[in-house]
Structure formats: C-alpha cells, structure tokens
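Q: My request is simple: use the sequences and hints to build the entire structure.
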Amino acid sequence: MKLNRKKSLAFAMLNVLTAAAVLAGCSSGSKSGAQNNTNPEQSAEKKDEKVPIEVMVAGFSTTLPEDDFVKKTIDKDLGIDLKLTLTSTTDELVQKLNVRAAGGDLPDVISFTAAQKSVFEEYVKKNLLLELNPYEEKLAPLKSFISEDFLSRTAINGKYYAISLNTNPNLTTFWVRKDWLDKLNLAVPQTLDELLEVSKAFTEQDPDGNGKKDTFGITGRLADLANFVNVQYGNYDGFYIKDGKMVNGLSQPEAKESIAYVQKMLASGSIDPEIASNKPENAKDKAFQGKAGILLTDWTSVMKDAEKAKWQGANPNADFVMIDKLQGPKSDYMAAVGLSAIGGRMVISKKVAEDEVKLQKILDLFNYAAQGKGADLVQFGVEGTHFTKENGKVKLTDKASEASYTWVYQMSGRPEKEYLIAKFPAQAPYIEKNDQMKRLDIYSAYVTLPADYNAADADRFKQEELLKFYLGKNKLDNYDKFLDQLNTTFKYQTYLDSGFQQLKDLGFAK
Amino acid sequence: MVSRGSERYFDIFIYVLLLLLAFVCIFPLLFVLSVSVTPYSEVLRNGGFILIPKSITFEAYKILFGMKEIPRAFLVTIFVTVMSTAINLILTIPLAFALSRKHLIGRGFFIFMIVFTMMFGGGLIPTYLVVQATGLLNTVWAMIIPTAISTWNVLIVKTFFENLPEELFESARIDGAGEFKVLSSIALPLSIPVMVTIGLFCVVGSWNTFFAAIFYITDNDLNPLQVIVRRLLMSASELNTNATDITLPSTTLQMASVVIASLPVIIVYPFVQKHLTKGMLIGALKG
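Note that the protein sequences, when read in sequence, are chains A and B. Using my numbering, read the first sequence as starting at 1 and increasing by one per residue. Using my numbering, read the second sequence as starting at 1001 and increasing by one per residue.
Calculated from the structure, these hints are not laboratory results. Only a predicted model underlies this, so the values are computations on that prediction, with no experimental measurement involved. Even glycine gets a Cβ: it sits at the ideal position worked out from N, Cα and C. Any given hint might turn out to be false.
Just so you have them, the derived chain B footprint on chain A, three or more residues with Cβ under 8 Å [stated by the list, open to error]:
| hint | stretch |
| --- | --- |
| 1 | 64-70 |
| 2 | 285-291 |
In the BS3-like style, the derived pairs of lysine-lysine whose C-alpha atoms are separated by at most 30 Å in a straight line are [claimed, not checked]:
| hint | chain 1 | residue 1 | chain 2 | residue 2 |
| --- | --- | --- | --- | --- |
| 3 | A | LYS213 | B | LYS1054 |
| 4 | A | LYS143 | A | LYS417 |
| 5 | B | LYS1068 | A | LYS373 |
| 6 | B | LYS1068 | A | LYS304 |
| 7 | A | LYS83 | B | LYS1068 |
| 8 | A | LYS71 | B | LYS1068 |
| 9 | A | LYS76 | B | LYS1068 |
| 10 | B | LYS1068 | A | LYS399 |
| 11 | A | LYS395 | B | LYS1068 |
| 12 | A | LYS72 | B | LYS1068 |
| 13 | A | LYS242 | A | LYS475 |
| 14 | B | LYS1054 | A | LYS279 |
| 15 | A | LYS308 | B | LYS1054 |
| 16 | A | LYS279 | A | LYS213 |
| 17 | A | LYS212 | B | LYS1054 |
| 18 | B | LYS1054 | A | LYS304 |
| 19 | A | LYS308 | B | LYS1068 |
| 20 | B | LYS1062 | A | LYS71 |
| 21 | B | LYS1062 | A | LYS72 |
A: What follows is the structure, encoded as structure tokens:
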C-alpha cells in the first residue's frame, strides 16, 4: 500500500515536469489511488508493472487457498494484479460497499447477486457505477458466452450499468424416501393427490418400523409448498399468460382453489407441524434424521456428495427419489420461473473510467473468463491437472476438489447446465431432470414498480394474510375482501394497472 | 430452634437454585462441546441433540487446524488482543489518574468532553473516513487504534482512584514524590483489582473483534478469528445464490469452531475472577 502510494506520487511529480497538459487528469488519478497511465512517455515504463484490479464478491464460506493458481494464471495472462475481496454474506458486502462508497474507495468490480436488484438500482441512482453503453463492442465475446442481451436485459432507462449473468435455477420439488415407499408397498406418486396419500401413509403406517408413530410426511417451507400447489393449479402470484392473455395470478379463481388445497393438506395432519416456521436447514435436518419422509427442496440440498453422506450416515438404508413430474389438479407445471431471470449483475465502479488502461484490463478480464482457456480455468481449473477434455467434453480428475473455489472468479458466469453436469457427474441425472421440469413463464421481473406504490408494505400484508388463509385462521369467503383491501389500502391496483400497461408496451401482453 | 431449621431449608433452597442456575449456564457450552467431538452421522441419528457424547472424534478440530486461515487468524487475534489491551491500559491509567486529581485545572471541562463521546458518536461513515485518512485501512492497527481508549473504562478507573485515601498521596508527596511516583508507587499497587477488570474487558472485547475487521479489512490474510468463525457458521438461509458451488460446513465443524474461538476467554476467567468481582464493585457501582 505504502509503496504504491509513494510510487504514484513519484509518477505524479514526473508528470508535472514532463507534460503540464496532463496535469489535471493526473492529479485526480493519483488522488484516488489509481495509477495514471494517460501519459504516453510512461506507458513503456508501465508495461511491466501489473495493473491492480479489485473485485468484490460475496464468497459465503468459500476461501482462497494459499496457492491460488487461478489468480496466478490470470495475473500472468493479463498482466494484472487481481485481488478478490470476499465477504461472508451479501449483507456484509453491502455494508462494506456503503462505507467504501462514502470513502470514495469502491472496489473496481462488484458482483451483485440477482436478489440485490434494489442495491444495484440505488448505486446507479447515486452515480457510482460506470455506464457500459460505450463498451458494448469491446465486450463482444460475452454475447456468445452469456446472451445477446447480456447488457440490455438489466438496462435502466435504456442505459446499461451491469453485465448480467445467466442462471438456470435449481427448482424446488418433492424428494420422497424411496425405502419408505417400498416398505409400505406404495408406488412413486404421479399426482398431487397421490403425494398427499403417501404423506398420510408416512405419518400413520410407521414407515421406519420402530413401532412408534413418530414420523410425518411433508416437510419444507410453507411458502414453497403453497407456491408449488398454486403452480399445480396452473397459477402463480405474479404476471403470466393464461389462455393467450396476460393475467395476474392473485385474483384468478385458481388462487382460491389452491389455498383450499393447502388447507386440506395441512388439515390431514401429515405435514410437518412446524412448516410455517421452518428454515431450510431445519426442514432438511428433519428429513435426514428420518422424521419426515418427503422433503420439498432442490437437488443440491439432497444429492450433493456431502449431503448424501449426511443422510446415508444417519441411515445407510435411506434413499430419496426425485419427483420431476406430477399431475396437479389443473396442470402439470412443476415450477414458475421468471422469463428475464438472471444469475447476478457484475458492475464496474465509475472511478475506473479515469484510468483507461485499467478499464481496458477489466474488460479484458470479463472477456478472458468467457472464452477458451480462461473460461475453463474459472470453471474447472487447469487442464491436465484438475480436468481433462475428451471430444470437447470435460472430465474431472481426482484433484478437482482443489479447484472447488474457482467459482468466485467466474466474472462472466458460466453455461449453467453443462457446467453442473461436468462438475457433478454423479448428480447428472438430477440436473437433467431439473432442466426438463415443466415451467410456467413469469413476466413479473419486467415490471418497474410505480413510484407511489410501496412494494415492501404491500408484500408484507399479502404474505401475512395469505399465511392466515393457508393455516385456516381466515375463511376463504373473506378472500375477496382481502383482495379489495390489498388493492385499495396498499395500492396494489396501481401496481397491477402499471404492470399490465408496461407488459403491453414491451409487446408481451395481448 | 425454629429459626435454625428454617435456615437450613433456606440453605437447601439456595443450593438447589444455584445448581439450577449453574446448569442453565453450563448446558449450552456442554452441548456445543459435545456436538463438536461427536461424528456428524451420530449427531443426525440422535435427532441433532447430544449432551454426553458416546463416541468421540477430533476430526473436526483436525480439519479446522488444517485450514490455513485458522492458525493465521489465531495469530492476528492474539496480536490484536495483546496490543490492544496494552495500549488501552497505558492510555487509560494516566488519563484516569489525572482526571481523578481534584486540583486539575479544567477537570470539569475534560470530563464533560469525555462523557460527551458516550452520548454522541460520529457514526459509522465518519469513523470510516477517519480510519481511511489516517492510513489505517487494511492494517491490523485498524482493529487496535480506533478502540485504543474506552470512555467507560476511564470512568471506572477514575472513580477507583478518587476513592483511594487522599492521605496516602499526601504523605508520599511530603516524602518528596512527584505525580508519576505517586501514580506508580502508591496508586497502581492499590488498584490491581480495577486494572484486572478493565484489562479483562479489553481482552474480551478485542478477542471478539468483528465489526472493525468487517469494515476496515479487505485483505483476507488479516482477518481475525471471529470473522473466520462467522464464515463457518454460515447457514443455508443466508445462501441465496451459488448454492451449487458451496458446501456448508457440518454442524460438527461449526461447533468446533465456536469452541476454539471461545475457549481461550473461558479459560482466562477463573484466574481473574477474584479480582474481577472486587473491581466491578469498587469501580462501577459506586460511581
């Protein structure tokens, strides 16, 4: 740090002596700690000096190893000094960013998760992020790696501020204890009704054979269960196309029917009694401990090697079967997925634009991670060491676990399905099934919230009231009254009107 | 005679109550310790609840100390704790001693200015800007200097010094001692309990350094122990993205990390307990 500062000071002084014209640009550059490279006389000297680039990512429990071969390779290939700042949570990332923004010391590149849309919009509003419209050409490799609209799909008023990454969500579905089904001579459920029957049997017929009635059927989170049932009625709490017309699911007749079904499920006494307060890990633990026989979650929570070891360790005879097709009362949709869903937003600090060389290096970094050797490096590690290629297909070696941290360097995302199948060969069948589960397309994410609509308040009210309906604490006859209150008191109608209009303008609604 | 009988019942009642209280305090610690030494599959088989481990393994501890972050974080934390406590004592004692002398010119003003900081603080961002401007960002000193002096501790020590008999100081002065001599030869030897108390406050406080590290440190190698432990204690509900690439540490590993992070402080307590109660009583409550 100190040395760098001294050096940049020395260069600043050199500038004063050689070219007065660049003085202004230079002093602002060195003040912000960035190295100034606009002076042609210096560029030769600078060439062997590595450009420092800081990227901030929420790494959760991921840490970088002592011998970080990804960093070393990238540094060598691009002539940069890449520094990754990892935080433990997304909240911590925002806290850190906010103080650093105040100190004029933002990291050069920031990775926002898909859920951090509002933080991203706030940073755009505060004029902290670099507008990327002029650099679309230079990022051309991302077009084929991510998508044609990798910039435009997260545009704000026609301006691009983020490189959006692809996502292929791990869908939530039912995982049923196969050994319990076999013991009770039950078939794998094909319909929602059959699933409920299995759930009842798991509660009443002592599937673990310990002579005690200490098991139940479905566990998971109530919101996920209600959403799943809703989708099985062909409905979703959001904008979607029904019979060729754009609708909002909350006011459709199916909404009420699906709530009645959830009530019926809860009344059967075969659902985890704590389902309304479950956290994902509680529900998982209950299923792994053999307290519940049907877990509502995605494949990563059940089938990853580490998870599999947990439930097999607790009971060597346990086995889970994935329900990838289920006929509901009105449809066979298994999930509702946003059409414009993205995996995250990569943004560049506005300050970087003061330093053209640095900016170019950052653009290079994105392109590097999107093609050939670089893309392989950040996905799988070093060819020959961590993976081999046969007919273009990636095969991991037994050293691949050393490369399990490389995802934090995936600046440009990854081709999700191919990546997962290569990375989790043992789980490939579930990944394939996940990919083929029937989805209802949702358009809600295209809608920008109207200014006089308070989404947080309305959503809270909506969730609380829906919970009362699910638990049977409020009668379904009052559902229309609830909608009225939501539409008037909480201005949900304003949101709906604006939403339909926007979707029409975008050409989705007919 | 009646009174002696009822006294006995009262004693029994007190003992039962104290035992219960002790159990309530020890229970969570025992739980954490037990889970940390039990194989994870065993934990799951018992419904996640184990108080007395049946089979013992130190696998989790082996994994923890095999991670390069943990030993390094230990060193960082120990350095921060030792330096921070030393600096705190060195700054607190002379300041408190000076403020405890009634003839100090402007004493009221200084005390007011010090107490003022207890009520009103600059807030996070101004503090960050100061730390940034002083070049402390991303150094271990960012976790030491900003908390180099604690108002609360100064007031405790000041009150303690004020309660020492003035006659002692006077006789020392008559024998020709200067203020420094009075402080080092008379006041300090008499105030070991209060020194131990605020010393322990500092030790615990800096051992648990977390927020300073979160805000001022971006270099992964400078992270103190608590930041690493926080990373391990990640729960699934906090993972809203990339869940495919991250495998959460098992409960066993999480509990083991809690043990190694809290054990040193727990070990220190019994040794200083005697002084601690004294120091707290004399210093704080009378103030």
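Q: Would you mind marking each hint as holding or not holding in the structure?
A: Now the hints, each set against the structure:
no., hint, result
1, 64-70, "holds (count 3)"
2, 285-291, "holds (count 4)"
3, A:LYS213 - B:LYS1054, "26 Å, holds"
4, A:LYS143 - A:LYS417, "18 Å, holds"
5, B:LYS1068 - A:LYS373, "28 Å, holds"
6, B:LYS1068 - A:LYS304, "25 Å, holds"
7, A:LYS83 - B:LYS1068, "18 Å, holds"
8, A:LYS71 - B:LYS1068, "17 Å, holds"
9, A:LYS76 - B:LYS1068, "24 Å, holds"
10, B:LYS1068 - A:LYS399, "19 Å, holds"
11, A:LYS395 - B:LYS1068, "29 Å, holds"
12, A:LYS72 - B:LYS1068, "18 Å, holds"
13, A:LYS242 - A:LYS475, "27 Å, holds"
14, B:LYS1054 - A:LYS279, "29 Å, holds"
15, A:LYS308 - B:LYS1054, "23 Å, holds"
16, A:LYS279 - A:LYS213, "24 Å, holds"
17, A:LYS212 - B:LYS1054, "24 Å, holds"
18, B:LYS1054 - A:LYS304, "28 Å, holds"
19, A:LYS308 - B:LYS1068, "27 Å, holds"
20, B:LYS1062 - A:LYS71, "28 Å, holds"
21, B:LYS1062 - A:LYS72, "29 Å, holds"
Violated hints for the displayed structure: none, as all numbered hints are satisfied.
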